[in-house]
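A.B. asks: Protein sequences appear in the order of chains A and B.
So the first sequence is numbered by the numbering used here: it starts at 1 and just counts up by one.
So the second sequence is numbered by the numbering used here: it starts at 1 and just counts up by one.
Everything labelled a hint here was simulated from the structure, so no lab data went into it.
Misleading hints may appear alongside valid ones.
In silico contact screen, one side only, chain A against chain B (beta carbon under 8 Å); selected entries [stated by the list, open to error]:
1. Arg-108
2. Arg-274
3. Gly-276
4. Leu-280
5. Glu-281
6. Thr-283
7. Gln-284
Some residues of chain B that are not near chain A, with every Cβ distance over 12 Å (derived) [unchecked claim]:
8. Val-191
9. Thr-196
10. Leu-326
11. Ile-330
12. Ala-343
13. Gly-571
14. Asn-635
15. His-660
16. His-694
Where is the CB? At the ideal position from N, CA and C, for every residue including glycine.
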Amino acid sequence: MRPLRQALDRWLGRGEASITTPPMDGAFRPNDLLDAASTVIATPAPDDLADTTRGLVVSSGRSLLYVHRQAEAPAASFDAEISALAGLPDGGVAAGLVDGRIGFVGGRYEGKTIPASPEVGCITALAAARDGALLIANGSAAHGPSDWKRDLMEKNASGSVWRLEPASGARTQLAANLAYPYGILEEADSIVVSESWRCALTRISPNAGRRGAPLLENLPAYPSRLTRGADDAIWLALFAPRSQLVEFVLSEDRYRRRMIDEIDADYWMAPCLRSGQSPLEPTQQGGVRQLGVLKPWSPSRSYGLIARLDGAYRPTASLHSRTNGHRHGVTSCLASAGRLYFTAKGDGIVASCAYEGSTP
Amino acid sequence: MTLGDWAARLRYRYVPDHIVGEVLGRRWMDNVIPVTLLVALAIYLTATIPNFTSLGNLSDTSRQIGEFGLIVIGMTIVMLGGGIDLSVGSSFALANLTALALIYVAKWPVEAAVAATVGVGALVGLVNGLLIGYLRLRAFLTTLVMLTLLRAVVEFLLQIYSVRIASSDVESAAWDYIGSGSVLGAPVSFVVLAVTASVVHVVVTRLRIGWRILAVGGSRRAAYNAGIPVRATVCLTYVVSGVLTSLAGTLYAARLSGAGPDTGVGLELSAVTAALLGGNSVGGGRGSVGKALMGATIVALLTNGLVRLGLESGASAMVVGFVLLLAISIDVRWGKWRHKLRANVYVSPAYLALPPAPLLDAAASPYAMNDRLRDVEVIGLGQVDGPEDVILDDEDNLYCSVRQGEIVRFLAPDHVRREVYAHVGGRPLGMAFDRDGDLLVCIAGMGLYRVDKQRKVHKMTAETNRSAFSIIDDSRMRLADDLDIAPDGKVYFSEATIRYGFEEWVVDALEGRGNGRIIRHDPAAGTTRTILRNLLFANGICVAHDGKSVLFAETWGCRVSRYWLEGPKAGTTEIVIPDLPGYPDNINRGSHGAYWVGLAGTRTPSYDLAMTMPAFRRRMARRVAGDEWLFPNVNAGCVIHFDAEGRVLETLWDLAGENHPAITSMREHRGYLYLGGVTNNRVGRIKLAGADPHWTGHASYWGERR
Chain A
1 MRPLRQALDR WLGRGEASIT TPPMDGAFRP NDLLDAASTV IATPAPDDLA
51 DTTRGLVVSS GRSLLYVHRQ AEAPAASFDA EISALAGLPD GGVAAGLVDG
101 RIGFVGGRYE GKTIPASPEV GCITALAAAR DGALLIANGS AAHGPSDWKR
151 DLMEKNASGS VWRLEPASGA RTQLAANLAY PYGILEEADS IVVSESWRCA
201 LTRISPNAGR RGAPLLENLP AYPSRLTRGA DDAIWLALFA PRSQLVEFVL
251 SEDRYRRRMI DEIDADYWMA PCLRSGQSPL EPTQQGGVRQ LGVLKPWSPS
301 RSYGLIARLD GAYRPTASLH SRTNGHRHGV TSCLASAGRL YFTAKGDGIV
351 ASCAYEGSTP
Chain B
1 MTLGDWAARL RYRYVPDHIV GEVLGRRWMD NVIPVTLLVA LAIYLTATIP
51 NFTSLGNLSD TSRQIGEFGL IVIGMTIVML GGGIDLSVGS SFALANLTAL
101 ALIYVAKWPV EAAVAATVGV GALVGLVNGL LIGYLRLRAF LTTLVMLTLL
151 RAVVEFLLQI YSVRIASSDV ESAAWDYIGS GSVLGAPVSF VVLAVTASVV
201 HVVVTRLRIG WRILAVGGSR RAAYNAGIPV RATVCLTYVV SGVLTSLAGT
251 LYAARLSGAG PDTGVGLELS AVTAALLGGN SVGGGRGSVG KALMGATIVA
301 LLTNGLVRLG LESGASAMVV GFVLLLAISI DVRWGKWRHK LRANVYVSPA
351 YLALPPAPLL DAAASPYAMN DRLRDVEVIG LGQVDGPEDV ILDDEDNLYC
401 SVRQGEIVRF LAPDHVRREV YAHVGGRPLG MAFDRDGDLL VCIAGMGLYR
451 VDKQRKVHKM TAETNRSAFS IIDDSRMRLA DDLDIAPDGK VYFSEATIRY
501 GFEEWVVDAL EGRGNGRIIR HDPAAGTTRT ILRNLLFANG ICVAHDGKSV
551 LFAETWGCRV SRYWLEGPKA GTTEIVIPDL PGYPDNINRG SHGAYWVGLA
601 GTRTPSYDLA MTMPAFRRRM ARRVAGDEWL FPNVNAGCVI HFDAEGRVLE
651 TLWDLAGENH PAITSMREHR GYLYLGGVTN NRVGRIKLAG ADPHWTGHAS
701 YWGERR
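All chains, please: the whole structure from these sequences, using the hints.
C.D. replies: Written out as structure tokens, the structure is:
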């Protein structure tokens, strides 16, 4: 009966095949806190943040910039774009590059570059493990970090998590078949990754198989980097909103296939870091500017969202930049010295807001 | 183009999905079930019973239908008014007895006897009506009591009169003629039924009292609030039922001339069954005489057929009971299910492949993106709600058609002072000045209207000729959109779509079918004719500078076409600009013999692809909330300047859409371009570099001011 019912549901668009997205409610109740945050620096496509002994750094294209010392030269520049950062216990920073190499700036391994390996071509997040190793989130086996949209629309789940010994360069795989792991956080005896395309956080234990156990599901947006704050609160950046129409397009295989094959990725009906840049982009019926105003609740392909989770990974609060906001595409956030810093990659801004203790 | 594409194109061209929803929306769809039942029953009985269609049997059956039909019509009237009349069985018997007693015992003349019998029936109906209408007793209980009471009266009278009736020696040719005569081959009772049915039909559908009955049955409280005398109306329905029942009783008396205790027993059940089977609603307010006749025929055929099939009388009653159950359940289910089904299938997307979109980012493209509209002067910010069209008169005053159903005017010279020029109602859209300075307006939901110089509003036309094969009634205008006036005074205007109202234009975009048309109104002759059909959202319309042709925009087709009014190609259509980068709205004249067209949105690759996949769009319409539907990009503004041959001269963009997203109208006037938008709250004004600083639209149409 079950396959029959599934087929019937798919045909009629009900049951498991109905198109629903979780509402922005409860801990995700909308506000304008991200738009109220003060700009720290404006730089094209700021992607990831890391804390070093010389201060906070942000990756922007090929450069690594000091957030608080804009006049200074970049902390480092690479010959490829940086796709992930991790602050190391020794005060240095590890930078994953789009071609799969990992470079070190400052600290013990200053100047060292670990060559790319064919299995890890899409470094989306890095984290320093307590034992000195480096944890790597490899988003996809098929595409690089800049092709994330294609990976989503192809409904891939080919990501993996790796452990790298910086000294020897030896890699071991901890988990596979993840739907675009985009954030990584080490726990006492396990690793938590954010699986973007599943809109979920997944716990990976060394002895719990390679798929991991779901920890937090049904997020209203696609999650990216995870960090831990000073008070053990966990911060989760979410870089694009889920939408009914995108979920519908994902369920429509023929349209999806033709869209991928025939249309430039910028103009797909897919989530993005910043929408409304070109008249060739799709809009949605409710996204029409009415009487000169774009309504904050109107459907949008981009959004700004940071969630605060408690120790059990339950959402407790959130910060938003809504459809009419200007802090969209938040790919990372970092709590440092009483403030919460975040990168709005879609709008090219690093901003910060006050954060004292337990409430944002 | 792949094989699948070809298949989709052929399938959506030749399978008219949209007809299903339109058919389901028609009122006569209420009758589908009874008609089917009637036809099936007739076929079955003809096939199984020998001689069923013989002349003798048909005549006999039609005599019965004649009597029974009258009762069912009476029952239908009562049910239309929201009640029920169960007393018809006894009332019928009483009428039978009264007529026989008056003819055979009292020896009254036939006319007087018939009139008195009908009077008795009316009296019974009046008692019912007074109890139910004025004392507000329950119809069901009251008429049930009346049924029992009258039955007792009939039995009491039978003891006195039955023998005297049977032994009477009265002979009356007229009385016999009523019972067994015929008019032009049709039995008298059938003729009486036909006449009654015609009269009642006219009363119910055309006269005030009929409408009142329907209104009371539809919603008693609303009818009361509307000032209808509810009690009198309800009372009247029972009187009508009593009259028709007694008439039937008279006919029965004339046919059989026998008074027995079982006359009319169970008749109320048959009458209710027939009324419901025909499709009349139990709750009232929905039904017709035609349905009553159909139901009466079905029940008469069924009982007649069952008898002739040789069923026991108990079994035949059981069959009638089952049919009644079926009728009630179908009445309830079909009424609900039909509207649900219609809501599901009415939206039927079509296959629409647009020509390849022109490039916007190449500098050489005439449509190359720029930001020339970013720095417009803003007029009336926040003082207008959706100025779909803007126009200037010969004294430089600026008029806007806004959402509140008003024409708002900003006074020259600075366009700061605002006043409501006229309240026209509806949703005013396109505007044009005629030779006398009257303002002609297309109003969505209303039609073509004229505001004269004294600001009085006149209707010009709201109706055109109905298309021969259109299922929905397309004679009424639902979405008159834009107009222009030819030198001979004829008005050419567009109706964007015949399937949707203004608020649902988005659904028409999703359909992408040619639902629009262009209509010509001749004010001198007072005639209105549709001249072009099946246009993809006919929108902007503009009479060419030379007055020999009309340019019009098809929004979903992203093209501008020309319809020739005179010359060798008169009456033909040709495409002028086949591949605009967006969705054209109003077209208006400019200086130096050129034209302007506003784009309400730009084409997007994702939407173009969806337009070639109708099944995808149909599923989207059903599964995704309307606000989330995929849409072309309407948040960038664009105005295109083109010449008489369709060559694009320049393109003005507002890419961010801060001031002017979705430009639906623009007018050139004394070297400036004025911009309006259907969802905007301002009018824009921008200086044009190469324009003639003295050119005005008014002078271009009607010459310099006299």
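A.B. asks: Are the hints correct? Go through all of them and say.
C.D. replies: Here is what the structure says about each hint:
The interface hint given for Arg-108 (chain A) is violated, since its Cβ lies 48 Å from the closest Cβ of chain B, which is over the 8 Å cut-off. Annotation: Arg-274 (chain A) was flagged as interfacial toward chain B, and the flag is violated, the nearest CB pair being 13 Å apart, outside 8 Å. Restraint check, Gly-276 (chain A) versus chain B: the minimum CB separation of about 6 Å is within 8 Å; hint holds. The criterion of a C-beta within 8 Å of any C-beta in chain B is met by Leu-280 (chain A), whose closest approach is roughly 5 Å, and the hint holds.
For the restraint placing Glu-281 (chain A) at the interface with chain B, the shortest Cβ-Cβ distance is roughly 6 Å, inside the 8 Å limit, so the hint holds. Look at Thr-283 (chain A): its Cβ gets to within about 5 Å of chain B, closer than 8 Å, so that hint holds up. Interface restraint check for Gln-284 (chain A): the shortest CB-CB distance to chain B comes to about 5 Å, inside 8 Å, so the restraint holds. At roughly 54 Å, the least C-beta separation between Val-191 (chain B) and chain A is larger than 12 Å, which holds for a residue marked as non-interface.
The non-interface label for Thr-196 (chain B) is consistent with chain A: the shortest C-beta to C-beta separation is roughly 49 Å, beyond 12 Å. Interface exclusion of Leu-326 (chain B) from chain A stands, the closest Cβ pair being 28 Å apart, more than 12 Å. The claim that Ile-330 (chain B) is not at the interface with chain A holds, since no C-beta of that chain comes within 12 Å of its own (minimum 24 Å). At roughly 15 Å, the least C-beta separation between Ala-343 (chain B) and chain A is larger than 12 Å, which holds for a residue marked as non-interface.
No beta-carbon of chain A comes within 12 Å of the beta-carbon of Gly-571 (chain B); the shortest separation is about 37 Å. Once the 12 Å rule is applied to beta carbons, Asn-635 (chain B) is inconsistent with being away from chain A; the minimum gap is 5 Å. Interface exclusion of His-660 (chain B) from chain A breaks down, the closest Cβ pair being 9 Å apart, not more than 12 Å. No beta-carbon of chain A is positioned within 12 Å of the beta-carbon of His-694 (chain B); the least distance is around 32 Å.
Of the numbered hints given earlier, the model fails hints 1, 2, 14 and 15; all others are met.
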